[in-house]
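One letter stands for each residue in the lines below.
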Amino acid sequence: MSFISGLKCRECGREFPAEPLNVCDFCFGPLEVVYDYATISEVISHDRISSGPLSIWRYQDLLPASGEDPVDIMAGFTPLMKARNLGKRLGLNNLYIKNDSVNPSFSFKDRVVSVASTKAVEFGFDTLACASTGNLACSVAAHSARAGVRSYVFIPWDLETGKIVGAAVYGPTLVSVEGTYDEVNRLCSELADNYPWAFVNINMRPYYAEGSKTLGYEVAEQLDWRLPDHVVIPSASGAMFTKIWKGFNELACLGLLDGVEASSFGPDQNTVHHPAVTTRMHMAQAEGCSPIVSAWANGQAHVLPVRPNTIAKSLAIGNPADGIYAIRVLNESGGTATAVPEPEVVEGIKLLAETEGIFTETAGGVTVSALKSLAESGAIQPDELAVVYITGNGLKTLEAVDSVVNPLSIKPTMRSFEGALNERIGVGG
Amino acid sequence: MSKQRVKFTFLDDLVKQPIIYRLGQSFDIVTNIRRADVREDMGWVVLELDGDDADIQRGLDWVSAIGVRIDPVSGDVVEG
Chain A
1 MSFISGLKCR
11 ECGREFPAEP
21 LNVCDFCFGP
31 LEVVYDYATI
41 SEVISHDRIS
51 SGPLSIWRYQ
61 DLLPASGEDP
71 VDIMAGFTPL
81 MKARNLGKRL
91 GLNNLYIKND
101 SVNPSFSFKD
111 RVVSVASTKA
121 VEFGFDTLAC
131 ASTGNLACSV
141 AAHSARAGVR
151 SYVFIPWDLE
161 TGKIVGAAVY
171 GPTLVSVEGT
181 YDEVNRLCSE
191 LADNYPWAFV
201 NINMRPYYAE
211 GSKTLGYEVA
221 EQLDWRLPDH
231 VVIPSASGAM
241 FTKIWKGFNE
251 LACLGLLDGV
261 EASSFGPDQN
271 TVHHPAVTTR
281 MHMAQAEGCS
291 PIVSAWANGQ
301 AHVLPVRPNT
311 IAKSLAIGNP
321 ADGIYAIRVL
331 NESGGTATAV
341 PEPEVVEGIK
351 LLAETEGIFT
361 ETAGGVTVSA
371 LKSLAESGAI
381 QPDELAVVYI
391 TGNGLKTLEA
401 VDSVVNPLSI
411 KPTMRSFEGA
421 LNERIGVGG
Chain B
1 MSKQRVKFTF
11 LDDLVKQPII
21 YRLGQSFDIV
31 TNIRRADVRE
41 DMGWVVLELD
51 GDDADIQRGL
61 DWVSAIGVRI
71 DPVSGDVVEG
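Protein chains in written order, with my numbering: chain A, 1 to 429; chain B, 1 to 80.
Because the hints were derived from the structure by calculation, they are not lab data.
Please note that a few of the clues may not be correct.
[To be verified] One-sided excerpt, in silico: chain A residues whose CB lies under 7 Å from chain B:
1) S50
2) S51
3) S132
4) C188
5) I202
6) N309
7) K313
8) A321
9) S416
10) F417
11) G419
[What the hints assert, rightly or not] Just some of the chain B residues that point at chain A, by a computed CB distance under 10 Å:
12) S2
13) K3
14) T9
15) V15
16) K16
17) I19
18) I20
19) Y21
20) R22
21) T31
22) R34
23) M42
24) V46
25) R58
26) V77
None of the values given here were measured: they were computed from a predicted structure.
Yeah, the Cβ is synthetic: ideal placement off N, Cα and C, and Gly gets one too.
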């Protein structure tokens, strides 16, 4: 069963029933899920969680959809591995990688889409939809196949076919929209108002976003119910960043962290900060689309929209829905926000691959480069426990790193091989 | 007739101009402001537009042409 008690506007506090809504009718502010934490605290325990499935649904008590029959392609419970080689390179002795690139459709989106799809089926929808340039499209198409429902995936007309093969293979209806990025945004917002579909990140957004909390729960569980000193997280809309923080604070308030007493959630569940949560939240964006970093760096209370111009397409959200809330988390946690120069994105991808054998997409390159900068500046001290979130797989953005392909071209003879090797590295025959 | 919810972001001198008044007067659109924050150097307004589809489109084209950024109230929905 689900312990959700309704929805609440983050701006004006008005309450709404748990329906497929994402915007407050009164002030047009975003809606958030409200939970019955008093009941959750009576049932939840480490044992109950660990006896659950090896997917995000082990945390079903803290998710806004019933875990009894979820739309589940086994998203989540991805590896948390100690990064000795990368740590050594950066002077960090306690560095861990949360490798979410190994989810079923190869990105963290499977977490949010699994929750949104499950809730959509609960609501009785027979169609899922999204507008995407990559990861979200793949995940929505995969989950709709699993759920046995239709799906519509809207893509900008100039998107390369290769970017969407990973979605098309699951059989959605692909709609290529001739227009600018802003026009696609406006069209899909309008469609969500007019069609009886579950747009996962529009009318299902309050439920969808909650799926990202599992990235916080899992890291805590994999560290034996402790929190890291630092986390480094890529950011686009800012939702994942705020939800990981929310996840950490929920665990603390429910007394699920090692040595931490349970405490009240207070008047506003979505802004609660338990004093035992001292993790510093570090955000990473690519310089070509860094509206949240800019607002934070300039001390602005508002995020000015930008037109994205970055190779990190999965982070290219110029008007981030949760930007101001992410800034609050940055300030509350004592974190930092880094805009990574575009050339360093590829360097980050290569650094992670060459040191840890993990091939990440461009968002991961942004995150690793931001981590490097934090280590060099001393923001993360050598013995502090740091976790870097790698949220997507490198096979999705092969073109970003095609310059690494530089083979030895030889004739099929030993002499040719040894000659070429000698020329390349100065050894051999 | 239809309704559209949008967010306008104004920078620099546009803050001082009566853009929403003109939008209502010139394009026969009823404008209904729900939330706003206007400062010296920038401002944003979340509002609902009520009118004929074609009038709303012409009005939004004019707002955009004078340099105001127009976004959906729920932020970008095209995700990576």
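Hints, one by one, checked against the model:
1. S50: Check failed: Cβ of A/S50 comes no nearer than 32 Å to chain B, outside 7 Å.
2. S51: 34 Å, violated
3. S132: With a minimum Cβ separation of about 5 Å from chain B (threshold 7 Å), the hint on A/S132 holds.
4. C188: 5 Å, holds
5. I202: Since the shortest Cβ distance to chain B is 5 Å, the answer is holds.
6. N309: 14 Å, violated
7. K313: 5 Å, holds
8. A321: 3 Å, holds
9. S416: 44 Å, violated
10. F417: 42 Å, violated
11. G419: 45 Å, violated
12. S2: This hint holds: B/S2 lies near chain A, its Cβ roughly 9 Å from the closest one there, short of 10 Å.
13. K3: 9 Å, holds
14. T9: This interface hint holds because 6 Å falls under the 10 Å limit.
15. V15: 13 Å, violated
16. K16: Where the cut-off is 10 Å and the nearest Cβ of chain A is about 18 Å from B/K16, the hint is violated.
17. I19: Interface hint status for B/I19: violated (17 Å vs cutoff 10 Å).
18. I20: Violated - the Cβ of B/I20 stays beyond 10 Å from chain A, reaching only about 15 Å at its closest.
19. Y21: Interface hint status for B/Y21: violated (20 Å vs cutoff 10 Å).
20. R22: 21 Å, violated
21. T31: For B/T31, the interface hint is violated, since the closest Cβ of chain A sits about 13 Å away, which is over 10 Å.
22. R34: At 5 Å from the nearest chain A Cβ, B/R34 passes the 10 Å test, so the hint holds.
23. M42: 7 Å, holds
24. V46: 5 Å, holds
25. R58: 15 Å, violated
26. V77: At about 5 Å, which falls below the 10 Å cut-off, the nearest Cβ of chain A leaves the hint on B/V77 intact, so it holds.
Hint compliance for this structure: hints 1, 2, 6, 9, 10, 11, 15, 16, 17, 18, 19, 20, 21, 25 are not met, and every other hint is.
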